[in-house]
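Visitor: Line by line, the protein sequences are chains A and B.
Each residue of the first sequence is one higher than the last, beginning at 65 in my numbering.
Each residue of the second sequence is one higher than the last, beginning at 65 in my numbering.
Keep in mind that a hint or two might mislead.
Partial pick of chain B residues on the chain A-facing surface, computed with a CB cut under 7 Å [unchecked claim]:
id, residue
1, Ile70
2, Asn76
3, Gly79
4, Ala92
5, Gly93
6, Lys97
7, Lys105
8, Pro108
9, Ile114
10, Asn190
11, Leu191
12, Asn220
By construction, these hints were calculated from the structure, which means they are not laboratory data.
Predicted, not measured: the structure shown is a model, and the values here were computed from it.
Backbone N, C-alpha and C define an ideal beta-carbon position, used for all residues, glycine too.
Number of protein chains: 2
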Amino acid sequence: MEKGFIQVYTGNGKGKSTAAIGLVIRAAGFGYKSYFLMLMKEFPYNEIKIFELLKNFISFAQVGKDDFVFRKELPSEDERLKIKNALDDFVNKMLSNEFQILVLDEIFVAIYFGLTTTEELLKIINLKPKNVELILTGRYCPKEIYEIADLVTEMNEVKHYYQKGILARRGIES
Amino acid sequence: MEKGFIQVYTGNGKGKSTAAIGLVIRAAGFGYKSYFLMLMKEFPYNEIKIFELLKNFISFAQVGKDDFVFRKELPSEDERLKIKNALDDFVNKMLSNEFQILVLDEIFVAIYFGLTTTEELLKIINLKPKNVELILTGRYCPKEIYEIADLVTEMNEVKHYYQKGILARRGIES
Numbered sequence: 065m066e067k068g069f070i071q072v073y074t075g076n077g078k079g080k081s082t083a084a085i086g087l088v089i090r091a092a093g094f095g096y097k098s099y100f101l102m103l104m105k106e107f108p109y110n111e112i113k114i115f116e117l118l119k120n121f122i123s124f125a126q127v128g129k130d131d132f133v134f135r136k137e138l139p140s141e142d143e144r145l146k147i148k149n150a151l152d153d154f155v156n157k158m159l160s161n162e163f164q165i166l167v168l169d170e171i172f173v174a175i176y177f178g179l180t181t182t183e184e185l186l187k188i189i190n191l192k193p194k195n196v197e198l199i200l201t202g203r204y205c206p207k208e209i210y211e212i213a214d215l216v217t218e219m220n221e222v223k224h225y226y227q228k229g230i231l232a233r234r235g236i237e238s
Numbered sequence: 065m066e067k068g069f070i071q072v073y074t075g076n077g078k079g080k081s082t083a084a085i086g087l088v089i090r091a092a093g094f095g096y097k098s099y100f101l102m103l104m105k106e107f108p109y110n111e112i113k114i115f116e117l118l119k120n121f122i123s124f125a126q127v128g129k130d131d132f133v134f135r136k137e138l139p140s141e142d143e144r145l146k147i148k149n150a151l152d153d154f155v156n157k158m159l160s161n162e163f164q165i166l167v168l169d170e171i172f173v174a175i176y177f178g179l180t181t182t183e184e185l186l187k188i189i190n191l192k193p194k195n196v197e198l199i200l201t202g203r204y205c206p207k208e209i210y211e212i213a214d215l216v217t218e219m220n221e222v223k224h225y226y227q228k229g230i231l232a233r234r235g236i237e238s
């Protein structure tokens, strides 16, 4: 890729992670290779099965739990260390020249809940090679990231069936 | 699927079609079958190559041009007829019991430019079986559709590199 950008998908609406999935799928159709790091998604999401089928084009990792959020606790030192190691590995992948697209899925949520910091993300962004596209997703995008991103899209929930008391449905939301 | 919904992805931001692509990919990982109708996208988009690899789960069709928009003309009768036939076929697919998810990509743009009408879309929506998920994308979602959709997400462009004079990049936007 001649010039890679920093893309942000944020806001309280649906479609942030699915847009990132669609993006790496489209890019795979073009022959680009992607690395997709999912944070705080322990549940085996169904897109992983398709990523595995497309393993020549899409590599991925999942790291971090979100159960401390539901327990209304701070993340443990152990949890924060796991995220730190995964982000170090992400940087190695980004610098490896193997991938044209790198996705940090739910990174803003991980920052919001104290698993990492805006400063750590800024360090990663500063290391981004020019020809690599970096995709960042999650609610609560910090102001500092808004400012340096090339593209920011806010997904805003206008109307949602969760409001009718229906939770995430298998095969659709997870 | 027990209960299928009507999902709308609209707004002037990025990620509407890619969210729909991500959605059918995730659903394919779960074993659901999808039918994806792309309107007004004549260019061979790269996601198609991946859809072809996943043809046991994802069927698709492309119909309609958008060159009349650039010529600032109304669509020809021939163009409108092509869209009508594709939408008739879409309804047959929706009623066939073969697909759990149906995507009408760029349908609102097709309405906006006079290739079809809100009334025609409402007719399609009225025929939707309860256990089918219907995904509608595009800028310019009509008010009537907002009202009956179960989920509406607006993608809003906060910042975009097009503003810096860069056009769609192959492998990323197309």
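Visitor: Hint by hint, note whether the structure agrees.
Guide: Evaluated hints:
{"no.": "1", "hint": "Ile70", "in the structure": "violated (9 Å)"}
{"no.": "2", "hint": "Asn76", "in the structure": "violated (9 Å)"}
{"no.": "3", "hint": "Gly79", "in the structure": "holds (4 Å)"}
{"no.": "4", "hint": "Ala92", "in the structure": "holds (6 Å)"}
{"no.": "5", "hint": "Gly93", "in the structure": "holds (3 Å)"}
{"no.": "6", "hint": "Lys97", "in the structure": "violated (11 Å)"}
{"no.": "7", "hint": "Lys105", "in the structure": "violated (12 Å)"}
{"no.": "8", "hint": "Pro108", "in the structure": "violated (9 Å)"}
{"no.": "9", "hint": "Ile114", "in the structure": "holds (5 Å)"}
{"no.": "10", "hint": "Asn190", "in the structure": "violated (19 Å)"}
{"no.": "11", "hint": "Leu191", "in the structure": "violated (20 Å)"}
{"no.": "12", "hint": "Asn220", "in the structure": "holds (5 Å)"}
In this structure, the hints that do not hold are numbers 1, 2, 6, 7, 8, 10 and 11, in rising order.
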